[in-house]
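Chemist: Chain A is fixed; fit chain B onto it per the hints.
Residue numbers (my numbering), protein chains in the order written: chain A, 8 to 402; chain B, 8 to 402.
Read the hints as simulated data drawn from the structure, not as lab findings.
Please note that the accuracy of each hint is not assured.
If several chains are the same, the list does not tell them apart, and a pair holds so long as it fits within one copy or across any two.
[Said to hold, decoys possible] With a Cα cut of at most 30 Å, we get these calculated DSS-like pairs of lysine-lysine:
hint, residue 1, residue 2
1, Lys278, Lys186
2, Lys278, Lys388
3, Lys189, Lys309
4, Lys189, Lys363
5, Lys289, Lys363
6, Lys368, Lys186
7, Lys131, Lys309
8, Lys309, Lys401
9, Lys186, Lys309
10, Lys341, Lys278
11, Lys189, Lys348
12, Lys309, Lys363
13, Lys348, Lys329
14, Lys278, Lys189
15, Lys186, Lys348
16, Lys401, Lys131
17, Lys289, Lys388
18, Lys186, Lys363
Note that this is a predicted model, so its numbers are computed, not measured.
There are 2 protein chains.
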Amino acid sequence: MNILILGSDGYLGWPTAMDFSAKGHDVTVVDNYFRRRACTDMDVEPLFAVPNLIERARRWQEKTGKVIKVVIGDLAEPEFARSLFSGSCKYGYPLTGGTWDGVPDAVVHYAEQPSAPYSMLDYKTSTLTIQNNLMVTTNLVFAVRDLAPDTHIIKLGTMGEYGTPNIDIEEGWLDIEHKGRKGRFLFPRAAGSIYHTTKVMDTDLMWFGARMWGLRVTDLMQGPVYGLETPETLMDEGFKPFFNYDEMFGTVVNRFVVQAVAGYPLTVYGKGGQTRGYLNLKDTLACVELAAANPAGVGELKIYNQITETFSVNQLADMVAKVGRGMGFPVEVKSIENPRKEAEEHYYNPVYTGLKELGLKPNYLTDEVMAGMFETVIRHKDNIHSHKIFRGVKW
Amino acid sequence: MNILILGSDGYLGWPTAMDFSAKGHDVTVVDNYFRRRACTDMDVEPLFAVPNLIERARRWQEKTGKVIKVVIGDLAEPEFARSLFSGSCKYGYPLTGGTWDGVPDAVVHYAEQPSAPYSMLDYKTSTLTIQNNLMVTTNLVFAVRDLAPDTHIIKLGTMGEYGTPNIDIEEGWLDIEHKGRKGRFLFPRAAGSIYHTTKVMDTDLMWFGARMWGLRVTDLMQGPVYGLETPETLMDEGFKPFFNYDEMFGTVVNRFVVQAVAGYPLTVYGKGGQTRGYLNLKDTLACVELAAANPAGVGELKIYNQITETFSVNQLADMVAKVGRGMGFPVEVKSIENPRKEAEEHYYNPVYTGLKELGLKPNYLTDEVMAGMFETVIRHKDNIHSHKIFRGVKW
Numbered sequence: 008m009n010i011l012i013l014g015s016d017g018y019l020g021w022p023t024a025m026d027f028s029a030k031g032h033d034v035t036v037v038d039n040y041f042r043r044r045a046c047t048d049m050d051v052e053p054l055f056a057v058p059n060l061i062e063r064a065r066r067w068q069e070k071t072g073k074v075i076k077v078v079i080g081d082l083a084e085p086e087f088a089r090s091l092f093s094g095s096c097k098y099g100y101p102l103t104g105g106t107w108d109g110v111p112d113a114v115v116h117y118a119e120q121p122s123a124p125y126s127m128l129d130y131k132t133s134t135l136t137i138q139n140n141l142m143v144t145t146n147l148v149f150a151v152r153d154l155a156p157d158t159h160i161i162k163l164g165t166m167g168e169y170g171t172p173n174i175d176i177e178e179g180w181l182d183i184e185h186k187g188r189k190g191r192f193l194f195p196r197a198a199g200s201i202y203h204t205t206k207v208m209d210t211d212l213m214w215f216g217a218r219m220w221g222l223r224v225t226d227l228m229q230g231p232v233y234g235l236e237t238p239e240t241l242m243d244e245g246f247k248p249f250f251n252y253d254e255m256f257g258t259v260v261n262r263f264v265v266q267a268v269a270g271y272p273l274t275v276y277g278k279g280g281q282t283r284g285y286l287n288l289k290d291t292l293a294c295v296e297l298a299a300a301n302p303a304g305v306g307e308l309k310i311y312n313q314i315t316e317t318f319s320v321n322q323l324a325d326m327v328a329k330v331g332r333g334m335g336f337p338v339e340v341k342s343i344e345n346p347r348k349e350a351e352e353h354y355y356n357p358v359y360t361g362l363k364e365l366g367l368k369p370n371y372l373t374d375e376v377m378a379g380m381f382e383t384v385i386r387h388k389d390n391i392h393s394h395k396i397f398r399g400v401k402w
Numbered sequence: 008m009n010i011l012i013l014g015s016d017g018y019l020g021w022p023t024a025m026d027f028s029a030k031g032h033d034v035t036v037v038d039n040y041f042r043r044r045a046c047t048d049m050d051v052e053p054l055f056a057v058p059n060l061i062e063r064a065r066r067w068q069e070k071t072g073k074v075i076k077v078v079i080g081d082l083a084e085p086e087f088a089r090s091l092f093s094g095s096c097k098y099g100y101p102l103t104g105g106t107w108d109g110v111p112d113a114v115v116h117y118a119e120q121p122s123a124p125y126s127m128l129d130y131k132t133s134t135l136t137i138q139n140n141l142m143v144t145t146n147l148v149f150a151v152r153d154l155a156p157d158t159h160i161i162k163l164g165t166m167g168e169y170g171t172p173n174i175d176i177e178e179g180w181l182d183i184e185h186k187g188r189k190g191r192f193l194f195p196r197a198a199g200s201i202y203h204t205t206k207v208m209d210t211d212l213m214w215f216g217a218r219m220w221g222l223r224v225t226d227l228m229q230g231p232v233y234g235l236e237t238p239e240t241l242m243d244e245g246f247k248p249f250f251n252y253d254e255m256f257g258t259v260v261n262r263f264v265v266q267a268v269a270g271y272p273l274t275v276y277g278k279g280g281q282t283r284g285y286l287n288l289k290d291t292l293a294c295v296e297l298a299a300a301n302p303a304g305v306g307e308l309k310i311y312n313q314i315t316e317t318f319s320v321n322q323l324a325d326m327v328a329k330v331g332r333g334m335g336f337p338v339e340v341k342s343i344e345n346p347r348k349e350a351e352e353h354y355y356n357p358v359y360t361g362l363k364e365l366g367l368k369p370n371y372l373t374d375e376v377m378a379g380m381f382e383t384v385i386r387h388k389d390n391i392h393s394h395k396i397f398r399g400v401k402w
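Chain A extracted, bound-state conformation:
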């Protein structure tokens, strides 16, 4: 397949690109390095430096003989976004021979400001998040409608769109019976941050595109991802993705492992009963692949809940503490005043069978997986700056 990956500089984008390339697909990646700049601006750079996309593509070709094409630009600009579907884009790699392969079979859309705390910092970062995320999705929807209507859009949503409702969370849709009549609707959304709310708006727009113009869309409602290892990230130190351990851009499991290694008490917010669905980085790649291999039909919005198991924050902290202590770290768990406005104890029962039915074989968060994460972090422990771990962005 010919795959276009938007937002490929990030934690998930680059491993996804290598995965598809390793399996023989034609891959083009796009980014504007927003995430890099934001990490520098906020003084929360990741645990280890990550080469730029062109440098990574060069090393990838050296190691594997395969070409990942790179285009650098801002997808919030309509004409830039359209250039990817018309062949008028300018390739950053390869410098010669970066020619367009025609409209992609699938486009994987990761190109959003991905941090909930960043989106809640102040009105400027909130507005930037809304503006950036909505405009990238808007430009993608119209570019595909106008220039590549058969292209399958694989959009990364988030389980956070649903919030923590008092009823079971179905996979995207809900059959409702009301006053003796029946209808099928998008499962009600009530997100917990501005970032998550932009994903709700994305879903509004993509569903409109599917039912009005026959777009083919898969919306993957993903939970927080953890881990660093895929077969490809092990090939070269430069192939590891961004690994943030700060409150802003780090996901919770990754952060807890770094805190354990750094001797920083694990930051449990409030009562720690906040329950979410999680998945291993390897499973993100498997899910995106399964989505690409099972495209939505014309006018169909497929929605999957992309998680493999659920944990409360307390359970995660206990798991990290147990593995860390087994490795000799005197891990402390500390409840701090919750900077977020969220339920600290709540009902949570999401359905997540769709991707398993397509063939997903989950990599669960075992002690061994956790120990592997510890080992990577330990190798880079001199880079940990404890003062960057927590700043208390208030909701």
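Modeler: Okay, now just chain B, sitting in the frame of chain A:
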């Protein structure tokens, strides 16, 4: 009360401003004249010229002795939007003495690109609609949160957010029982145009603001408005609001009356069974006043379905034809191929009791009301350009 009206150059904004001013409230109006420019750009100017806002405010003061303050600027610019709540805005009228009265008690938000067909014309107008409407609402939400948290936001939504579901449309919220558990959720939305979808996104954002930051918000889910007359519009020819009769910016009843007068067959799209809720311009003002007099509480999102009766397009065409023929016009009704993608026959049963419970006394669409609209249109019939009536913007 101290009332700020955003988007006051438009069909509803200016009559609302006069209504509040006539009743003794302190009124400040804001616009960037987008609607004027768009009408000129698209060659669909209204039935008669409308003086600019400053000129209208000047005449209003001459006739009534009351001051409506005017600020001209683009609410999609964050700093401009914030200046209205910090007192640093620049007044266009009065030229001297335009001083800030402090944070408003209520802000009425009409400041959006209001046309569904315009939003569906091409990717540029679609993108402009999403960008403009979301950014104005975003800037308003953050300005109120940061600078005027007690201000009551009265937001004009649309019944079109709900679409035409197979179940009764409740007023904004729906109690759902699912697998033996219960929850209360926003009524599911599924809008029929990009414009209407931006209103869904607005609701997503304002509900987030209410539950997360305690904002006080009333969302008025309005149907298409018809009419020209309010006590104030009759005081001066220059006080009439924009009256568009084209497919782009005209609402359906207004358009049909002009078509009848112009001898242009009434343009019924497809089967004409499309049913919607409608209301008189006078009732829009009454509803906004009722919303202002009954503010949402801290953290409350109040939602009302702002319509007074429902009609199918065929019913409206028959009513216009009957009144028109009675006045001597040989009105023809003609079904044309539907340029929109919409159900032409569907279930439609919205609840709209909330505003009546607050005291709304509806002005129904009687033959007399229709005849009054005919009389106004007849006075301006030399301004009707038949070729501007229909251009067939495809969905």
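Chemist: Take the hints in turn and mark each one as holding or not.
Modeler: Hint by hint, here is what the structure shows:
1. Only between protomers do Lys278 and Lys186 lie at most 30 Å apart by alpha-carbon distance; the minimum there is 28 Å, versus 39 Å within a single protomer.
2. When the C-alpha separation of Lys278 and Lys388 is checked against a cutoff of 30 Å, the pair qualifies only within one copy, where the shortest distance is 29 Å, while the shortest distance between copies is 70 Å.
3. With identical chains, the CA atoms of Lys189 and Lys309 are at most 30 Å apart both within one copy (21 Å) and between copies (26 Å).
4. For the identical chains of this complex, Lys189 and Lys363 are neighbours both inside a copy (29 Å) and across copies (28 Å), given an alpha-carbon limit of 30 Å.
5. For a Cα distance limit of 30 Å, the shortest separation of Lys289 from Lys363 inside one copy, 14 Å, qualifies, whereas the shortest one across copies, 57 Å, does not.
6. Taking the shortest alpha-carbon separations for Lys368 and Lys186, only the inter-copy value of 28 Å comes in at or below 30 Å, while the best intra-copy value is 41 Å.
7. In this assembly of identical chains, Lys131 and Lys309 lie within 30 Å of each other by CA distance solely across copies; the values are 27 Å between and 33 Å within a copy.
8. When the C-alpha separation of Lys309 and Lys401 is checked against a cutoff of 30 Å, the pair qualifies only between copies, where the shortest distance is 26 Å, while the shortest distance within a copy is 34 Å.
9. In this assembly of identical chains, Lys186 and Lys309 lie within 30 Å of each other by CA distance both inside one copy and across copies; the values are 28 Å within and 23 Å between.
10. In this homomeric assembly, Lys341 and Lys278 come within 30 Å of each other (Cα to Cα) only inside a single copy, at 10 Å, whereas the closest approach across copies is 66 Å.
11. Taking identical chains as interchangeable, the C-alpha atoms of Lys189 and Lys348 lie at most 30 Å apart only when they sit on different chains, with a minimum of 22 Å there against 35 Å within one chain.
12. Within a single copy, Lys309 and Lys363 get their C-alpha atoms as close as 15 Å, which meets the 30 Å cut-off; across copies the closest is 41 Å, which misses it.
13. With identical chains, the CA atoms of Lys348 and Lys329 are at most 30 Å apart within one copy only, with a shortest distance of 29 Å there and 58 Å across copies.
14. When the C-alpha separation of Lys278 and Lys189 is checked against a cutoff of 30 Å, the pair qualifies only between copies, where the shortest distance is 24 Å, while the shortest distance within a copy is 39 Å.
15. In this assembly of identical chains, the alpha carbons of Lys186 and Lys348 lie at most 30 Å apart only when taken from different copies (28 Å versus 34 Å within one copy).
16. In this assembly of identical chains, Lys401 and Lys131 lie within 30 Å of each other by CA distance solely inside one copy; the values are 15 Å within and 37 Å between copies.
17. With identical chains, the CA atoms of Lys289 and Lys388 are at most 30 Å apart within one copy only, with a shortest distance of 23 Å there and 69 Å across copies.
18. In the homo-oligomer, the alpha carbons of Lys186 and Lys363 lie at most 30 Å apart only across protomers (22 Å), although the nearest pairing inside one protomer, at 35 Å, exceeds that limit.
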